[in-house]
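Participant: Chains as they are written, first to last, in full-length UniProt numbering: chain A, 1 to 489; chain B, 1 to 489.
Treat the hints with caution; some may be incorrect.
One copy or two, it doesn't matter: identical chains are merged, so the pair holds either way.
[Claimed, not checked] With a Cα cut of at most 25 Å, we get these calculated SDA-like pairs of lysine to any residue:
{"hint": "1", "residue 1": "428", "residue 2": "170"}
{"hint": "2", "residue 1": "428", "residue 2": "267"}
{"hint": "3", "residue 1": "428", "residue 2": "184"}
{"hint": "4", "residue 1": "432", "residue 2": "328"}
{"hint": "5", "residue 1": "428", "residue 2": "58"}
By construction, these hints were calculated from the structure, which means they are not laboratory data. Here the structure is a predicted model, which means the values were calculated and not measured.
Take a look at the letters that make up each chain.
There are 2 protein chains.
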Amino acid sequence: MVDSGSVTRVLQRLRSQLPEAALVTDRTRLRTYECDGLLHYRVVPALVVLARSADDVRTTVAACAAEGVPFVARGSGTGLSGGALPHADGVLIVTSQLRQIHEVAPHDQRAVVDPGVINLQVSQAARPHGYYFAPDPSSQQICSVGGNVAENSGGAHCLKYGFTSNHVLSVDLVTPQGDSVTLGTRAPDAPGYDLLGAVVGSEGTLGVATSVTVRLVRSPESVQTLLAGFRTTDDAGSAVSAVIGAGIVPAAIEMMDALAIEAAEAAVACNYPDEAGAVLVVELDGPAEEVEHEFAAVERMCREAGAFEQRVAADDDERAAIWRGRKSAFAAVGRISPDYIVQDGVIPRTALPEVLREMTRLADERGLRVANVFHAGDGNLHPLVLFDESAPGQGERAEELSGAILDLCLAHGGSITGEHGVGADKAKHMPKMFSDDDLDTMQLVRCAFDPDGIANPGKIYPTPRLCGERPGKHTGPHPVQAAGLGEVF
Amino acid sequence: MVDSGSVTRVLQRLRSQLPEAALVTDRTRLRTYECDGLLHYRVVPALVVLARSADDVRTTVAACAAEGVPFVARGSGTGLSGGALPHADGVLIVTSQLRQIHEVAPHDQRAVVDPGVINLQVSQAARPHGYYFAPDPSSQQICSVGGNVAENSGGAHCLKYGFTSNHVLSVDLVTPQGDSVTLGTRAPDAPGYDLLGAVVGSEGTLGVATSVTVRLVRSPESVQTLLAGFRTTDDAGSAVSAVIGAGIVPAAIEMMDALAIEAAEAAVACNYPDEAGAVLVVELDGPAEEVEHEFAAVERMCREAGAFEQRVAADDDERAAIWRGRKSAFAAVGRISPDYIVQDGVIPRTALPEVLREMTRLADERGLRVANVFHAGDGNLHPLVLFDESAPGQGERAEELSGAILDLCLAHGGSITGEHGVGADKAKHMPKMFSDDDLDTMQLVRCAFDPDGIANPGKIYPTPRLCGERPGKHTGPHPVQAAGLGEVF
């Protein structure tokens, strides 16, 4: 555990280097940072630093390193796995004021941005040149590029374009020891280890990004969007298999089940096909002739798989209307249930029908309902477990069901997270997916960057231990203590 | 330095666990392993182990770890940067007998193969199902998948399809401490650090791959190949810029200059356009309609950029004939020059005309000639420095020019290697590209995996040092000593 005197000493160091306005110490103001998008984990940080520059970040990390005080970086705070959950005895470094777009270089297909720049702003800056930034999490209007880098964010269009890790060329990183390094280059296949790859998705445990060079993707010549209504998720799943099996890679292919459709209708009146047991949203993009050719094939495959209604967006407004239902789905669930948990798991696409049936059985056993929204093309499920916190025992049953769904994904050869990260929420599930040797090997890298264990401790890994130990000997402090998360776990 | 008694003790350990036939100790036989494709670095290993299974690899590495003896893994030995150059006091682990294809699963778009499986055999096994393995180094008929993983191999078609790192889903790795771990998963965006990414391209310094799960790519519906002759490399470069600038991503876009064409003609009579100062080979693949549409645009752009002759391959034989000239180019240079150095560097595509002019000037100054063959689409140059070893001083001047070409690439914001790796050859150039802090950070990871520095020491990094040191204090043994490479550097 960190003694509270250490944070006081960090504060003293920072007072000589940063203006008072950059330091938040008031308990009431500190409380506004107590959670990110994962609302049921809350920890008030000991100190918040509102960084105004990369130098501020470096100064703060160096002070933490000197005093052995944990730090957590936070962008817009929209993460869904608690990656930016503060440490009770640590410093929260907020990067949302680092918001400058330094360069947009369309000919070199890149942009250089501060970590606090909003995801969508990158695309807006690139659009006049005919380019955009591909990763598109649902939160793209508010989430930060730094957060995207930390969580390796995905989105509906990642089936075709890949995750954030496929769109970051270089990162300036402040390491947990307070050094500034540049990882990655603008050349393909840079020599040396791909440390940039290890850092993207490391959820703040290897350092804090202070500058991000992203890859820009050319805006497609043509985009076509189809909404198809099916009687069952099995039928919709068959359509997905047919499309992918034909070698077509849609920009996005999204499925919603009946309950998710009901929620979206209640929230945004998206006017999806009546009586649909499932809908698919299929978007193709690329050269006009290719899109036209493949779109005809997709329509035929949907029809053959049992689609009883298909609508094609005639223009951008109609396209936006189709997407509105899908993009509102998470929040919309609040219209049909007082409380809900957003789960995130991955299964092989071919296991979809079986997993959905089994999920329904697990929910029925517990007297609960699960709405399903998913990136069908890559098997990334987002089950929404509905419950009522005020009904005795439902909260616990929902939490338990949510975990059982992850076990189900793993049993089918899948993963405990598709794009939301592990964070504070799923560290306990990591040993189900990885062997002790696998986790030990990851720990080697964490210790290499952060021998004192001060960079976002308690996230990702279930058993933080002292870095001097040899792998295989789990004798470190209990994770709950080590992470300073005793109050919430 | 390793005492020779250590290797003797490794041999004693292995004799109790491996058959005598797997152990090569005879000096004459050992000599056959003294170099890989980088012919001018030669070191005879102290012991060679011909592994027959993953267990043999693990047994060997464990014995090396127990005795503190360096080991180097070798697949087919085709690497061009000396990554598989043996260690004089170490063990060379040859994986070429691990040659089984364990699974070809087209529906899941993957294959599971031993590290010694030949690159092309993966595609041959997948072809009946309509799939192939995308990375295609020129040596694909003989190079191994394990070697591809170590060097993150590229190839002509990597412009569109990416390097090996984009096509490996999972690797079973024997770590330098003798543990077996599985890195990566079959799910997108697996949680935890992307250690698989760090291992692919780590040139054998983080362990030895014993099983590789590769991604299979669907064979394209249509392929079209164009050979275009230009007066100058500037004209050909303009065509490349026009194609890429139009948002077209060819499967390959390769350029050869006059001297490379002359060499290819001498070797394989490829019958390229007479009087051409440069040729482009442009290949498009994908859905037939898309290919047809874009191919017309490419032909037009080549014409507008000054192509005086264009030929379209009418069938696979004609396509093979066009590629024959390109693929033979490295070896063909032997027809026009007694000796040559294959260089490998990267520049931003937009700097091509200036870099080529400057390269000619550097060669002229030294009375030497440079033939150029390159992956024009991604700016990956392969200058071939021609010289005559028997002419006094020419060898040194060629070596010096070869280094000056890398400096030229770096001065234009490029990289010291595009796809051949750093290996033993370019470790000395790493500090030109990376700061001390950057190199220190890479070293953190090497030390995490390999605290005793026994996994392929002397490769990639210019200043190996004891892992107990804190970064920033370069007090380790001199690299030449540390690497046991005193005789060759």
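Participant: Report the numbers of all earlier hints that the structure fails to satisfy, in ascending order.
Facilitator: Checked against the structure, the hints that fail are numbers 2, 4 and 5, while the rest are satisfied.
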